[in-house]
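Could you build the full structure based on these sequences and the hints that come with them?
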Amino acid sequence: MSEPLLRVKDLTKNFKVGGGFLSRNAAVVHAVDNVSFDIQPGETLGLVGESGSGKSTTGRCILRLIEPTGGEIWFEGRNVAELGAAAFRALSRDMQIIFQDPFASLNPRMTVGAIIGEALTIHGLAPSKQAYADRVVQLLETVGLQPDHMRRYPHEFSGGQRQRIGIARALAVEPKLIVCDEPVSALDVSIQAQVINLLEDLQAKFGLTYLFIAHDLSVVEHISRRVAVMYLGRIVEIASARDLYATPLHPYTEALLSAVPVTDPKARRKRIVLQGEVPSPINPPSGCHFHTRCPIRQLPLCSSEIPPLEQKRDGHWAACHLRS
Amino acid sequence: MAEPLLEIRGLKTHFSTDDGVVQAVDGVDISIGRGETLGVVGESGCGKTVTALSVLKLIAMPPGKIVAGQILYQGRDLAPLSTAEMDRIRAKDIAMVFQEPMTSLNPVYTIGEQIAEVLRRHEGLSRKAALDKTVEMLRLVQIPNPDKRVGDYPHQFSGGMRQRVMIAMALSCSPKLLIADEPTTALDVTIQAQILELLQDMKSRFGMAIMLITHAMGVVAETAQRVVVMYAGKVIEEAPVERLFADPKHPYTQGLIRSIPRIDTAATRKARLEAIPGVVPSLLNPPPGCRFAARCKFAMPKCREAVPPLLDVGGGHRVACVLYQPEMAA
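Sequences listed follow chains A and B, in order.
For reference, each letter of the first sequence is one residue, going 6 to 329 in the working numbering.
For reference, each letter of the second sequence is one residue, going 889 to 1218 in the working numbering.
Any given hint could be a false lead.
[What the hints assert, rightly or not] As a list, the in silico DSBU-like pairs of lysine-lysine whose alpha-carbon atoms are at most 35 Å apart:
#	chain 1	residue 1	chain 2	residue 2
1	B	1064	B	1091
2	B	900	B	1091
3	B	1190	B	900
4	B	900	B	945
5	B	1091	B	1036
6	A	181	A	210
7	B	953	A	271
8	B	1016	B	1091
9	B	900	B	1064
10	B	980	A	275
11	B	945	B	980
12	A	275	B	1064
13	B	945	B	1021
14	A	271	B	1091
15	A	14	A	181
16	B	980	B	900
17	A	14	A	317
18	B	900	A	275
19	B	953	A	210
20	A	181	A	21
21	A	275	B	1036
22	A	275	B	1021
23	B	980	B	1021
24	B	1185	B	980
25	B	1190	B	1091
26	B	1016	B	980
27	B	953	B	1016
28	A	21	B	1036
29	A	271	B	1064
30	A	317	A	181
[Unchecked claim] Residues from chain A shown here face chain B by an in silico Cβ test under 7 Å; the list is partial:
#	residue
31	127
32	195
33	198
34	222
35	223
36	227
37	248
38	264
39	276
40	282
Hints listed in this document are in silico derivations from the structure and should not be mistaken for laboratory results.
Quick reminder that beta carbons are idealized off the backbone N, C-alpha and C, glycines included.
And the structure:
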């Protein structure tokens, strides 16, 4: 395999919660717990999981929007986690993010042109006013908006259009990697399809690499080459999209897939309904985090030992004591 | 079909705003039989929630107003009823579960107080009897330790548990119709599966009809018997669930179904998603004729002249599109 564009190794992020400002016994949320994965150039890696699984925190740690507690993030052979501010700023040109909420992620007091062009100024990519204006127009057209939209404000746009503005902003600095953090989950289905198609077109056109974070398994399956499933801060399974969906190995992945309603009334399948809810990440269950809800668990093994993420089949990794 | 439990005829609910009148629901006909699960699907702003709120007359008036139509519940029109008369219908006959379990419970009362209030008000139970019934309802919706949890406040429950509380509250007076407005939208997929299963379970126990409002086609496909598709304030298609998904007639319904990535057939077929171009029209000054015409690939001049009526194409399948009007077929 070629050199990965991004290699995440043992990434960990703990948040302190509770306790007052003088208190010594604040609790710790293990949001991301020893997460490792690679992304090859030009590939899309999907990252799925339920609320609180740590998928968004993982994405933000890679861009250092949140400082990781531990671990390494290698981007083109450099450890992002150790770079100084100036070096990181230069590198940040190569890594951009698209946010979930198209209503909260655009500054309402800036015109669309200023939002998209801000990064051009910061990174010194527009030598003249004319070059700046030309580039903004070009970006707007790339994402399917009109040139005259640059003088308007975000509130004048629909959710789908705003997400296009967010995409244009990310593209402005010609990044290599884009972290897409739930980019379509706030959109209606017909608009969602427009944005997914746009992301796929842009990937083909510019050779982009995506880390695609979402809770919607159908969307992730559609856009990703490989998919990683997270549960309570850990990756429990990672495989090609085809293998993961056709033959899931981890019982959590199985349950997650069976819970997705499909648009075929004749296929009312047997659903694995998990009992209970995702436990709190403040005090996650011992051993395998999933053992409290797992339909096939074997105690005491599953509650005492953390299952390692192992390659069970070719390119198919899972963290389960019982499945091979 | 026997006499429907609820029949909405020509409902028009409009809102006055500073910019003009928003025709949120504009001539909607929907009927629900006893014990039936009807799915109402559509995207944001299609009028599905306003339709449901109109049935229970929970629309803020003003600015909202039911300007036309009848809401026949067991043959009796609810539209002209006073607030006091509506109060006797709510909870006991028609109850509702809202989308946001975080905001639809009162944060300063325990969930027990909130469910007991419904029972005391509508069933006239004593304080003690209401409490007992509340605990029983919480047990029914599978909340662990119901006799303890009855004294907890909403913030002490997770999203899925709050939705169970909402369902317990809605079913406490054994309504004949439950309107569930996006009951699983705010929930994770494994919790969604639990809530959908609970709704099915409650339905087999109480035998009520369910009007399930959602934007998720998958949820409808798995739970409903009949489906109504709404677009821009109008019903554009209606069919038994198998027919709708096997043979969608309206170009909008076709687009809606094809724009969803599917995981069940994905491994064999990887096609580009079929997006519907454009956006939903403003309901402030909706275009004349078919409201989908501007986004429709089959649109012809005729589409922009008059609103196509909802016509039967056989087998309980009705569609509002000029493509299926008799003179077109001929």
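Hints and how they fare:
Restraint check: the Cα-Cα separation between residue 1064 of chain B and residue 1091 of chain B comes to about 10 Å, which is no more than 35 Å; the hinted pair holds. About 30 Å separates the Cα atoms of residue 900 of chain B and residue 1091 of chain B, which keeps this hinted pair within 35 Å; it holds. Only pairs whose Cα atoms come within 35 Å are accepted, and residue 1190 of chain B paired with residue 900 of chain B is accepted, the gap being roughly 24 Å. A hinted pair counts as satisfied when its Cα atoms are at most 35 Å apart, and residue 900 of chain B with residue 945 of chain B qualifies at roughly 13 Å.
For the suggested pair residue 1091 of chain B and residue 1036 of chain B, the alpha carbons sit about 26 Å apart, so the restraint of at most 35 Å is met. Between residue 181 of chain A and residue 210 of chain A the CA atoms are separated by roughly 12 Å; this keeps the pair inside 35 Å, and the hint holds. For a cut-off of 35 Å, the pair hint linking residue 953 of chain B to residue 271 of chain A is broken: about 40 Å separates their Cα positions. Restraint check for residue 1016 of chain B and residue 1091 of chain B: the C-alpha separation of about 27 Å stays at or below 35 Å, so the hint holds.
Among the hinted pairs, residue 900 of chain B with residue 1064 of chain B is consistent with the structure: their alpha-carbon atoms are about 24 Å apart, no more than 35 Å. A hinted pair counts as satisfied when its Cα atoms are at most 35 Å apart, and residue 980 of chain B with residue 275 of chain A qualifies at roughly 34 Å. For the hint pairing residue 945 of chain B with residue 980 of chain B, the CA-to-CA distance comes to about 15 Å; that is within 35 Å, so the pair holds. The suggested pairing of residue 275 of chain A with residue 1064 of chain B holds, with an alpha-carbon distance near 29 Å, which does not exceed 35 Å.
Between residue 945 of chain B and residue 1021 of chain B the alpha-carbon distance is near 27 Å, which keeps this suggested pair within the 35 Å criterion. With a C-alpha separation of about 20 Å, the suggested pairing of residue 271 of chain A with residue 1091 of chain B holds against the 35 Å cut-off. Among the hinted pairs, residue 14 of chain A with residue 181 of chain A is consistent with the structure: their alpha-carbon atoms are about 20 Å apart, no more than 35 Å. Of the supplied pair hints, the one linking residue 980 of chain B and residue 900 of chain B holds, its CA atoms being roughly 25 Å apart against a limit of 35 Å.
Distance check on the hinted pair: residue 14 of chain A and residue 317 of chain A sit about 20 Å apart at the alpha-carbon level, within 35 Å; holds. A threshold of 35 Å between alpha carbons decides the hint, and for residue 900 of chain B with residue 275 of chain A the separation of about 41 Å lies outside it, so the pair is violated. With a CA separation close to 50 Å, the supplied pair residue 953 of chain B and residue 210 of chain A exceeds the 35 Å bound. The straight-line distance between the Cα atoms of residue 181 of chain A and residue 21 of chain A is roughly 33 Å, inside the 35 Å bound, and the hint therefore holds.
Taking the CA atoms of residue 275 of chain A and residue 1036 of chain B, the gap is near 33 Å; set against the 35 Å cutoff, the hint holds. Simply put, residue 275 of chain A and residue 1021 of chain B have alpha-carbon atoms about 33 Å apart, close enough for the 35 Å limit, and the pair holds. Of the supplied pair hints, the one linking residue 980 of chain B and residue 1021 of chain B holds, its CA atoms being roughly 15 Å apart against a limit of 35 Å. At roughly 46 Å between alpha-carbon atoms, residue 1185 of chain B and residue 980 of chain B are farther apart than 35 Å, so this suggested pair is violated.
With a C-alpha separation of about 44 Å, the suggested pair residue 1190 of chain B and residue 1091 of chain B falls outside the 35 Å cut-off, and the hint is violated. Using a Cα cut-off of 35 Å, the hinted pair residue 1016 of chain B and residue 980 of chain B holds, with the two alpha carbons roughly 20 Å apart. For a cut-off of 35 Å, the pair hint linking residue 953 of chain B to residue 1016 of chain B is broken: about 40 Å separates their Cα positions. Proximity of residue 21 of chain A to residue 1036 of chain B is assessed by CA-CA distance (about 30 Å); at most 35 Å being required, the pair is judged to hold.
A threshold of 35 Å between alpha carbons decides the hint, and for residue 271 of chain A with residue 1064 of chain B the separation of about 27 Å falls inside it, so the pair holds. For a cut-off of 35 Å, the pair hint linking residue 317 of chain A to residue 181 of chain A stands: about 31 Å separates their Cα positions. Below 7 Å, beta-carbon pairs count as interface contacts, and residue 127 of chain A has none with chain B, the closest being about 32 Å; its hint is therefore violated. Taking 7 Å as the C-beta cut-off, the interface hint given for residue 195 of chain A holds, the closest approach to chain B being about 4 Å.
Interface restraint check for residue 198 of chain A: the shortest CB-CB distance to chain B comes to about 4 Å, inside 7 Å, so the restraint holds. Restraint check, residue 222 of chain A versus chain B: the minimum CB separation of about 6 Å is within 7 Å; hint holds. The restraint placing residue 223 of chain A at the interface with chain B holds, with a minimum CB-CB distance near 4 Å, inside the 7 Å limit. Here the hint on residue 227 of chain A is kept, as its CB sits about 4 Å from the closest CB of chain B, short of 7 Å.
For residue 248 of chain A, the interface hint is violated, since its Cβ never comes within 7 Å of a Cβ in chain B; the closest pair sits about 9 Å apart. Annotation: residue 264 of chain A was flagged as interfacial toward chain B, and the flag holds, the nearest CB pair being 4 Å apart, inside 7 Å. Evaluation of the residue 276 of chain A hint against chain B yields a held restraint, the C-beta minimum of about 6 Å falling below 7 Å. The closest approach between the C-beta of residue 282 of chain A and any C-beta of chain B is roughly 5 Å, which is under the 7 Å cut-off, so the hint is satisfied.
Checked against the numbered hints given earlier, the structure breaks hints 7, 18, 19, 24, 25, 27, 31, 37 and satisfies all the rest.
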